[in-house]
Amino acid sequence: MILLDNALQARERSGNPIRVGIYGAGSMAQGLMRQVSQQVPGMKISAVCNRTIERALGALDFAGLPKPGIVKATDQMDDLIRQGIPCVTDDPEVLADSDLIDCMVDMTGSVEYGAEVAIHAISHKKHLVLMNAELDATIGPILYQRAKESGVIISCADGDQPGVQMNLFRFVKSLGLTPRVLGNIKGLQDEYRTPTTQAKFAEQWDQNIMMVTSFADGSKVNFEQCIVGNNTGFTTITRGMRRLKHDGHVDDLVHHYDLDEIRSLGGIVDCVIGAKPSPGVFCLAELNDASQAKYLELFKMGSGPLYSFYQPYHLCHLETPFTIARAVLFGDYCGHPLAGPTLEVVAIAKRDLMAGERLDGYGGYMTYGQVEKSQDVQINRFLPQGLSEGCILTRDILKDTPLTWNDISQGSEQLAKQLYVEQQKMFTQDQ
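In this text, residue positions in the sequence shown follow my numbering: the first is 31, and each later residue adds one.
You may find that some hints are simply not true.
In silico DSS-like cross-links for lysine-lysine, where the CA-CA straight-line distance does not exceed 25 angstroms [as the list claims (entries may be wrong)]:
1. K178 / K102
2. K306 / K203
3. K97 / K74
By construction, these hints were calculated from the structure, which means they are not laboratory data.
My request is simple: use the sequences and hints to build the entire structure.
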């Protein structure tokens with residue numbers, strides 16, 4: 031998206047920066063605030079919403095921004111924004127209600143809170159960038175439909191692996207090839223990692239321990255590839271993906287897939303453990319015009335029929351400003367669900383679980399998440415990993431068994447669950 035630099039510089043020269051409101055003040059949010067405030071012309075961090083005010087104040091200080099004002103009402107926020115003073119609030123609707131905010135970014139990683147943020151954004155006609163894979167994978171399709179009806183954009187983020195894959199997908203298609211595999215390269219996946227095993231790493235990198243655990247136990251990559259599947263219509267060969275272990279270069283993967291099989295499926299998402307370069311993403315694709323094959327071979331792309339394209343890095347929050355600019359300046363998405371879910375992420379027992387236990391959600395001690403075909407999720411009534419936190423088991427569950435709605439007490443009607451049920455009804459009727 032090279033044109034974005036010139037477009038942002040033009041906004042800077044005109045004295046009309048894109049005003050950004052951020053939800054969440056964790057490590058990645060802090061990095062984004064500093065990146066925008068120090069390196070991105072034509073864009074400004076105007077407000078931060080966080081349940082803990084002190085955390086938000088610390089994030090803004092890290093970003094090198096002026097001392098912020100703490101506000102409880104939208105008119106207070108607007109007054110400060112007009113003066114060029116950043117704002118902090120713990121009320122998500124206060125931020126969403128401000129007419130001076132052009133785009134919001136969800137960096138919370140929370141499905142329930144993220145659902146609240148998204149509904150506020152849509153109702154107040156705000157563009158929303160999601161660095162919240164768990165929310166996107168769980169109820170992204172219905173949020174996109176609501177946003178579309180409201181005339182605003184909800185998009186996954188440049189820099190996050192789903193966004194990097196979607197950019198690669200669009201690039202490869204524009205070259206005249208048909209993508210068949212969209213993949214994520216990981217260095218580790220061990221379903222039985224816990225916050226105890228990951229504590230040292232989380233502390234070393236100042237990361238949320240539950241999020242770090244979800245990286246290690248594979249839940250995160252399954253959420254990510256679920257998003258990619260829903261954004262492209264791609265499916266998975268098997269629950270949890272193939273997860274091929276391959277210590278060679280990603281280019282070698284063209285020989286590890288049955289082209290007829292992946293053609294028949296319309297394309298698949300996958301995860302590869304140990305491939306180089308890591309951590310990156312890849313796309314395997316075939317030519318639409320066979321006469322171009324000799325040129326691809328000349329360009330050292332191999333002899334086909336599958337060709338390997340990859341990006342050897344994903345720079346997370348450093349790239350997120352691109353998505354904000356794409357939405358506000360060009361009405362463009364990094365990625366969004368095509369329609370109803372193709373894939374979902376289901377909760378699977380990390381150990382033997384006992385009736386009466388309360389589930390601790392993704393990145394915890396009790397479950398890990400794996401991507402599954404949405405049709406199979408509905409038939410088997412599998413419990414989405416994104417909705418598992420706080421559910422109480424009504425029966426014993428053996429290790430590595432998928433949980434179902436029949437295994438839990440329903441409990442209170444949370445917003446995210448209400449939206450999930452509505453999503454099921456909406457897209458079941460469309461099928």
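Evaluated hints:
1. K178 / K102: 29 angstroms, violated
2. K306 / K203: Holds - the C-alpha atoms of K203 and K306 are around 23 angstroms apart, at most 25 angstroms.
3. K97 / K74: 15 angstroms, holds
This entry does not satisfy hint 1, going by the numbered hints stated previously; all others are met.
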